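**Q** Those sequence lines, one after another, are chains A and B. Taking our numbering, I'd label the letters of the first sequence as residues 1 to 362. Taking our numbering, I'd label the letters of the second sequence as residues 1001 to 1357.
Hints are computed from structural coordinates only; laboratory data are not their basis. Please read all numbers here as calculations on a predicted model, not as lab measurements. Check before you lean on any hint, since a few could be wrong.
One side only, chain B facing chain A, incomplete, derived with CB under 10 Å [stated by the list, open to error]:
#1 1145
#2 1148
#3 1154
#4 1259
#5 1263
#6 1303
#7 1309
#8 1313
#9 1314
#10 1317
Derived contacts from chain A toward chain B, CB cut-off under 7 Å, selection only [unchecked claim]:
#11 136
#12 139
#13 142
#14 143
#15 147
#16 153
#17 275
#18 317
#19 318
#20 321
#21 322
Virtual Cβ for every residue (Gly too), placed ideally from N, Cα, C.
Spelled out from the first residue to the last, the chains are:
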Amino acid sequence: MPDRAESLPLRGLASALGRGRTALLRATNLQVLAGLAALWLVFSLWQPGTFSTGGNTLNIARQGSVLVVVALAQMFALLIGGFDISVGANMGFSSVVASRMMIEHGGIAVGVVAGLAVGALIGLVNGLLIGPLRVSPFAATLGMLTFLLGLGNVLSNGQSVGGLPSSFGLVGGADWDHIPSGVVLALAAVGLSWLILNRSRLGLYVYGIGGSRSAARLVGVRVYAYEVAAYVLCGLFASFAGIMLAARLSVGQTESGAGYELLSIAAAVIGGTAIGGGIGRISGVVLGALFIQVLTNGLDVVGIGVYVQGMVTGIVIVLAGVVGLMRNPDFFVRLRALVPSALTSRGHLRGRRWLGSTSHES
Amino acid sequence: MARIDVARVIAPARTDRAPRRPVAGSGLRLLPALIVLCLVFGLRYPSAFPTVGNLQSMAQVGGVLLAVTLGQGFALLVGGFDLSVAANMGFVGVAGGDVMVHHGLAAGIAVGIAAGVVIGLVNGLLIAGVGVSPFVVTLGMLTFLKAFGNQIAHGAPIFGFPSSAQYLGHTGWGPIPAPIAIGAILVAAMWIVLGLLRAGTYIYGIGGNREACRAAGVPVVRYEVLAYVLCATLASVAGLMELSRVSIGYVSNGTGDDLLSIAAAVIGGVAIGGGTGSIFGVVLGVAVLTVLTTGLTIAGIGEFYQDMVSGTVIVLSVLVSRVRAGVLREVIGVRGRERFGDGLSHRGVTTTSGREP
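Pulled out of the complex, with its shape left as it was, chain A reads as follows:
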C-alpha cells in the first residue's frame, strides 16, 4: 500500500508533463533560441567587458562556423537513421590531404578539391558498408575513424603540415571585407543543405527512409542508393569543415578534428534531430551548434576551468538527449506506462524496484 501512495504523485507528474508538452515543448527552435538567449544574458551580465563585445561575437561566429558545417554533415547521417563517428577523423584527414596537395602541387583550388574528393570517398565507403553490406553504423564508422587516424598520421609523419599559402586563409580563416569568411562559407553550406533536404527528391527520400525504412522500400525507393548518398554528403560536408578548420589554424593536422564527432552529434540532438532518423530541421541544427559554441566560449571567457567545462559539457550532452526525447510524445507514454506498472497487483509485491535497485538481482 505505501507503494501506491508514493507512486500517485509520480503518476500525476507524468501526466502533467504529458499534457504540458503540447504547450511547452512543441516549438523546438523556440526552446533552443530561448536557451541561447538565456546563456547570452548570463554571460553578458557576468563578464560584460569581455563576453558581449564585438570582437568576441566575431570570435564565436568564426569558431561556430566550423561546428555548423560538421553538424550539418552529421545531420545527413542522423536523418537517414544512422550516425557517423568518423566525421572528426575525416576533418583531420582531409585537412592533411588538402594541405599536402596544396604544398606539392601549388594552388589552393587543387588542395581544396582533393580534400573534398577524399571526404566524399570516405563517405562512399561508409555508405556502402552501412547500406548494402549492413554493417552497423557504429562499427563501420568506428573502423573508419581508427583507419583514418592511422593513415592521416602516416601521410603527415605524425606532424602538422604547415607552410600553406597565405591566401588559403580566405577559405575559412581570414575576413572577406570585415565579414569572417567562415561565416559566409557556413551560410553557403546551410543554403546547399536546405536545397538538398527541402527542394530535392534526395531530401524527401532521406527523411522518408529515416522515418520508416520498410515503408520507403515498399513504395519503391531504392533505399540503399539513398543511404549511400546520405553518407557521401556527410563525408563531403565533414571534409569541407576540415578544410575550413585548416584555413583557420593555417596547418593541416590529423588530430585537428578530434572531438567534433561528439560535438556535432550533440549540436544536432540539441537542435531537435532525432537519433534514429526521420526528424530534424536545418534551422534547429544551426541553433544547436551556436548554443554549444556560445556555451563553450562563455565558460572560457568567464574563466571557468577547463575541467569544469568538460563536466558541464557532459551534463549538457545528456540533458540534450533527455530534452530531445521529451519532444516525442512516446516519451510520456513510456513514462506513464512505467508508473502504473508499480500499481498492478504484481507491482505491489515488487514495489518500486523498476527505479533501479538492481545489484541484489539474481
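Got chain A sorted already, so can you dock chain B onto it with the hints?
**A** What follows is chain B alone, placed relative to chain A:
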C-alpha cells in the same frame, strides 16, 4: 493446412534464436586465426615474440583488456554499448588511486568498485529507464568523467601506492600472472551470470527482442540497468588492474580501451545490436587483438599503421559475421536484383508511383 502454416511461421524465428550458447558459440572460429597469428609471429621473431617476458607483458595488457571487454559484452548483449568504459578506468585510476595512497589498498578497491556501480547505475537508468540513446548517455558520461577525474587530481598523475597494489595486475599470484588470475575469476563470474542465472537468459532475451521480453513479463528495465552496472563495474576492476600495471593513477589510464573493447567483442562474435555473443568468443577476441598489436609492435610496424590495421580488422570482422549470417548472399542475390532492377515489377513500381515527378 493450418498446422503447416503455423510451423512455417515459427520455424524461422527458432532458427534465428536457437543457437545462443553463452559459453562456446560462434567465437570458436577465431581459434585458427589466433594459432596462425601466434605461429607467424613466433616463427618470424623467435627471439622476441615467444619469450617469457613478452608473454608476461601480453598477459598484463590482455588481462586488463579482457576485464573491460567482458563488461562491454554485457552492454552489447543487451543491445547497447558503453563508450564511457575508458573514462571510467581513468577516473577509477585517479579516485581509487588517491584513496589507496591515503587509506590503504582495501579502501581504494572499495571506492573504485563503488564508483563503477554508481556510474553504471546512472548510465543504465538514463538508457533503460528514461530511454536516451546509449550513444548520447555514455558519451556524456565519458566527457564528464574525464573532466571530473582531472578536477580531483588537478590534472596530475597519482603515485606512491602501497606495495600490495601490485597484486592487482603487475606481479604474479604464485606462478600465475595476476591479470590472468583475475581475468579467469571474471570469466567464471560472467559464465555464472550468463549461463546459470536467470539474469543471463533475460539479458540475451532483451538483446534479442526487447518487445517480446516485455510482453512475456520480463522486467526489462531492471535487467537492462543491471547489464550497464555490470559493465561499468568490470570497467572499474579493469581500471584498478591498469593502475597496478602502470603504477600510476592518471585520467588517461585506459585511453582507447573504449573502442578497443568494442572491437575485441565484435571480433569475438558479439553482435552490435544485441542478443548474440559468447564468453569464449570474447576471450578469443581479446587474445587475437592482443597478439596482433604486440606482434605488429615487435615487427617494428609503427603505431600509425597499427591504427589502420585495427580499423580494417574491426570492419572486416563485422563483414565476416555478416557473410556467415547470409546477408551478403542476400544483398548480392535477392536484393541486388531488386536494386539493379532486373524485374519489370520493380521498374513498374518506381515509374508509376515512385519516380513520377
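**Q** Hints first: check each against the structure and report whether it holds.
**A** To see whether the hints hold, each was checked on the structure:
| no. | hint | in the structure |
| --- | --- | --- |
| 1 | 1145 | holds, 8 Å |
| 2 | 1148 | holds, 6 Å |
| 3 | 1154 | holds, 9 Å |
| 4 | 1259 | holds, 6 Å |
| 5 | 1263 | holds, 7 Å |
| 6 | 1303 | holds, 8 Å |
| 7 | 1309 | holds, 8 Å |
| 8 | 1313 | holds, 8 Å |
| 9 | 1314 | holds, 4 Å |
| 10 | 1317 | holds, 8 Å |
| 11 | 136 | holds, 4 Å |
| 12 | 139 | holds, 5 Å |
| 13 | 142 | holds, 6 Å |
| 14 | 143 | holds, 4 Å |
| 15 | 147 | holds, 3 Å |
| 16 | 153 | holds, 4 Å |
| 17 | 275 | holds, 5 Å |
| 18 | 317 | holds, 4 Å |
| 19 | 318 | holds, 4 Å |
| 20 | 321 | holds, 4 Å |
| 21 | 322 | holds, 6 Å |
In summary, this structure violates none of the numbered hints.
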